[in-house]
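Chains A and B supply the protein sequences, listed in that same order. Mapping of the first sequence onto our numbering: position 161 corresponds to residue 169, and the numbering continues sequentially without gaps. Mapping of the second sequence onto our numbering: position 248 corresponds to residue 256, and the numbering continues sequentially without gaps.
Do not rely on the hints blindly, as some may be mistaken.
Identical chains share a label here; the pair holds if one copy fits it or two copies do between them.
Below, simulated DMTMM-like cross-link-like pairs (lysine to aspartate or glutamate); rule was C-alpha separation at most 25 Å, straight line [what the hints assert, rightly or not]: (1) Lys302 <-> Asp34; (2) Lys267 <-> Glu127; (3) Lys267 <-> Glu54; (4) Lys302 <-> Asp277; (5) Lys123 <-> Glu184; (6) Lys267 <-> Asp113; (7) Lys123 <-> Asp112; (8) Lys152 <-> Asp34; (9) Lys65 <-> Glu188; (10) Lys152 <-> Glu17; (11) Lys302 <-> Asp247; (12) Lys302 <-> Asp147; (13) Lys197 <-> Glu30; (14) Lys123 <-> Asp153; (15) Lys152 <-> Glu19; (16) Lys197 <-> Glu54; (17) Lys302 <-> Glu281; (18) Lys123 <-> Asp221; (19) Lys152 <-> Glu182; (20) Lys65 <-> Glu191.
These are computed hints drawn from the structure, not numbers from a lab.
2 protein chains.
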Amino acid sequence: MTGGTRPSEFEARLAAIAAATERMLDSLLSPAILPGETVRPARFLEAMRYASLDGGKRFRPFLTIETARLLGAEGEGVLRAAAAVEMVHCYSLVHDDLPALDNDDLRRGRPTTHKAFGEATAILVGDGLLTYAFDVTADPATHKDPGVRIALVLALARAAGLGGMIGGQVLDLEAEQAREPHEAGAVTKLQAMKTGALLHYAVEAGAILGRADAGVRSALSRYGRALGAAFQVADDILDVEADALALGKRAGKDAGRNKATLVAALGIDAARERRDSLVAAAIAALDSFPQGTKATVLKEAARFVAARNH
Amino acid sequence: MTGGTRPSEFEARLAAIAAATERMLDSLLSPAILPGETVRPARFLEAMRYASLDGGKRFRPFLTIETARLLGAEGEGVLRAAAAVEMVHCYSLVHDDLPALDNDDLRRGRPTTHKAFGEATAILVGDGLLTYAFDVTADPATHKDPGVRIALVLALARAAGLGGMIGGQVLDLEAEQAREPHEAGAVTKLQAMKTGALLHYAVEAGAILGRADAGVRSALSRYGRALGAAFQVADDILDVEADALALGKRAGKDAGRNKATLVAALGIDAARERRDSLVAAAIAALDSFPQGTKATVLKEAARFVAARNH
Numbered sequence: 009m010t011g012g013t014r015p016s017e018f019e020a021r022l023a024a025i026a027a028a029t030e031r032m033l034d035s036l037l038s039p040a041i042l043p044g045e046t047v048r049p050a051r052f053l054e055a056m057r058y059a060s061l062d063g064g065k066r067f068r069p070f071l072t073i074e075t076a077r078l079l080g081a082e083g084e085g086v087l088r089a090a091a092a093v094e095m096v097h098c099y100s101l102v103h104d105d106l107p108a109l110d111n112d113d114l115r116r117g118r119p120t121t122h123k124a125f126g127e128a129t130a131i132l133v134g135d136g137l138l139t140y141a142f143d144v145t146a147d148p149a150t151h152k153d154p155g156v157r158i159a160l161v162l163a164l165a166r167a168a169g170l171g172g173m174i175g176g177q178v179l180d181l182e183a184e185q186a187r188e189p190h191e192a193g194a195v196t197k198l199q200a201m202k203t204g205a206l207l208h209y210a211v212e213a214g215a216i217l218g219r220a221d222a223g224v225r226s227a228l229s230r231y232g233r234a235l236g237a238a239f240q241v242a243d244d245i246l247d248v249e250a251d252a253l254a255l256g257k258r259a260g261k262d263a264g265r266n267k268a269t270l271v272a273a274l275g276i277d278a279a280r281e282r283r284d285s286l287v288a289a290a291i292a293a294l295d296s297f298p299q300g301t302k303a304t305v306l307k308e309a310a311r312f313v314a315a316r317n318h
Numbered sequence: 009m010t011g012g013t014r015p016s017e018f019e020a021r022l023a024a025i026a027a028a029t030e031r032m033l034d035s036l037l038s039p040a041i042l043p044g045e046t047v048r049p050a051r052f053l054e055a056m057r058y059a060s061l062d063g064g065k066r067f068r069p070f071l072t073i074e075t076a077r078l079l080g081a082e083g084e085g086v087l088r089a090a091a092a093v094e095m096v097h098c099y100s101l102v103h104d105d106l107p108a109l110d111n112d113d114l115r116r117g118r119p120t121t122h123k124a125f126g127e128a129t130a131i132l133v134g135d136g137l138l139t140y141a142f143d144v145t146a147d148p149a150t151h152k153d154p155g156v157r158i159a160l161v162l163a164l165a166r167a168a169g170l171g172g173m174i175g176g177q178v179l180d181l182e183a184e185q186a187r188e189p190h191e192a193g194a195v196t197k198l199q200a201m202k203t204g205a206l207l208h209y210a211v212e213a214g215a216i217l218g219r220a221d222a223g224v225r226s227a228l229s230r231y232g233r234a235l236g237a238a239f240q241v242a243d244d245i246l247d248v249e250a251d252a253l254a255l256g257k258r259a260g261k262d263a264g265r266n267k268a269t270l271v272a273a274l275g276i277d278a279a280r281e282r283r284d285s286l287v288a289a290a291i292a293a294l295d296s297f298p299q300g301t302k303a304t305v306l307k308e309a310a311r312f313v314a315a316r317n318h
């Protein structure tokens, strides 16, 4: 794939990768992973599948797969690593939706996992998806080189941990409990951790699987960081603009809860400018990329993040 | 350390390793792991420390450290791997205690994490400890060989996952909701997963760090499995015998909730016999061990499991 990917071509590619990810998740979450013959917690597996096989855009797996492919790596192992990123994403949604946290009843137009299966099961489903993501990533089927697999595991643990997703979630929780409005710098930091870190990892995983050298890895890292930030600002803007029907969840809830968003901190116009300059920065990071126009699809991905309205 | 470890010597050793584990956890959970300079979720770290630095016996780290030492491996890396096992154990306790699961207010005589810090924080503390355990295990500081680290990560993910701890927790949840009494075979299976898998991993981690050959590894695996089973039966017996004061939690609660226990399934006398024969099996597994009497301390550990009354 070289230059000139048209939006429609990009969308088709996104859809194809989403379908491949869905198939991989379906296979990884088959009854074969259940223990023993006599006792099979079949309903629990159903809940894990419910939380994962939701037909989403699979944007994180897309980033992993396209980054790896840009560097010449493809196949089952890449798809496994990509599916593992998605499991971590899905686990975070299941736990975020819990009554003690965001208390959301709907996600993508369906009852959230705890609404459909109960709170105890939802807690364990999240724990199970997170744990299984490490299992899948560490498994020899993902890459024959233990050095590649351990690099993936370590980067994933850091992206998902206190310095990344969980840290961001903690800050978000604290921000919501605060009464005063949130300052843009703190919001940016929070979002870089809560949403940005895992998106960054999705790109990084592709770089690790494609054995990128230091220069390429650094360019991809700048791309991943700008993309992750753009993604979350776009999400904040979306929340303000969208109505409940289009989003499949209660829109406007961020403002109602003193959520730390960049729209609240900067206003909608400045937030849109921020989003656009982050998209430009993501694209610019790829201009320094030796493989030049081969990175077109990743540039399209950055534009897609800003333009998505679903 | 060769043969003839007296009980008092064993206890001293257990206490010394518990203290070393405590120091390692204290260091791993220092403010240095928090992100950035401007925003430090200090109260969250406090909650993670509350959930981990509880002065427990640290029996899992003990198993890892003594198994590794038997095979000639010791030092900071072994202690890190051992502390990571304990983090996984602590995460499981925090999530198990949640209102949606066991709804426990006390653990070891102190308010449970959600009682002390709120439910949202407790959910994230559990997630954080689990994720950080993989981070610590995968970190080059744990072992210089990526092959050793990835073997640890994979074994830990499997022990903690659907085929192990989480699977056991799911079965336990289902058992509790059932109205009929539980059959001994199903209880044994459940316990092997819920408690046994992580104890087995604790031994396995020592074997991996000590680069045990296939024969030694298999003997240690049989030891770990029998020990894990003995541990849980002993726990069931303890629950029946103990009063609330001694246990620091509401005793007798297992029976009150139709918990799947071997005492309920077999009666107290048969449960005691089962415990003793499992201890004997654990010890016998080490008789086939080439290093012979060097394994004395692990044999003492098996006896300790049956005898503990605290």
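Alpha-carbon proximity between Lys267 and Glu54, which holds within one copy, between copies, both or neither at 25 Å: between (32 Å within a copy, 24 Å between copies)
- request: Evaluate Lys302 and Asp147 at a C-alpha cut-off of 25 Å and name the case that applies: within, between, both or neither.
  value: Neither way: Lys302 and Asp147 sit 30 Å apart in one copy and 33 Å across, limit 25 Å.
message: Please sort Lys123 with Asp221 into within, between, both or neither, judging by C-alpha distance up to 25 Å.
response: neither (46 Å within a copy, 48 Å between copies)
field: Homo-oligomer pair classification [Glu188, Lys65; C-alpha up to 25 Å]
entry: Neither: 35 Å inside a chain and 44 Å across chains, both beyond 25 Å.
message: Treating 25 Å as the Cα threshold, decide for Lys197 and Glu30: within, between, both or neither.
response: Close neither inside one copy (32 Å) nor across copies (32 Å); limit 25 Å.
- prompt: Is it within, between, both, or neither for Lys302 and Asp247, if the alpha carbons may be no more than 25 Å apart?
  reply: Close neither inside one copy (33 Å) nor across copies (64 Å); limit 25 Å.
- prompt: Taking 25 Å as the upper bound on the Cα-Cα distance, should Lys123 and Glu184 be classified as within, between, both, or neither?
  reply: Both ways: Lys123 and Glu184 sit 23 Å apart in one copy and 20 Å across, limit 25 Å.
- prompt: Between copies, within a copy, both or neither: which fits Lys152 and Asp34 at Cα up to 25 Å?
  reply: Classified as within; 23 Å inside a copy, 36 Å across copies.
- request: Classify it for me, Lys123 with Asp112: is the Cα-Cα distance of at most 25 Å met within a copy, between copies, both or neither?
  value: For Lys123 and Asp112, the Cα distance is within 25 Å both inside one copy (9 Å) and across copies (23 Å).
- prompt: Between Lys65 and Glu191, at a C-alpha cutoff of 25 Å, which is it: within one copy, between copies, both, or neither?
  reply: Answer is neither; intra-copy 31 Å and inter-copy 45 Å both fail.
- prompt: 25 Å Cα cut-off: does Lys152 pair with Glu17 within a copy, between copies, both or neither?
  reply: neither (32 Å within a copy, 45 Å between copies)
message: As a check of your reading, is Lys267 near Asp113 (CA-CA no more than 25 Å) within one copy, between copies, both or neither?
response: Result: close within a single copy only, 18 Å intra versus 30 Å inter.
Violated hints, listed in ascending order, are 1, 4, 9, 10, 11, 12, 13, 14, 15, 17, 18, 19 and 20; each of the other numbered hints is respected by the structure.
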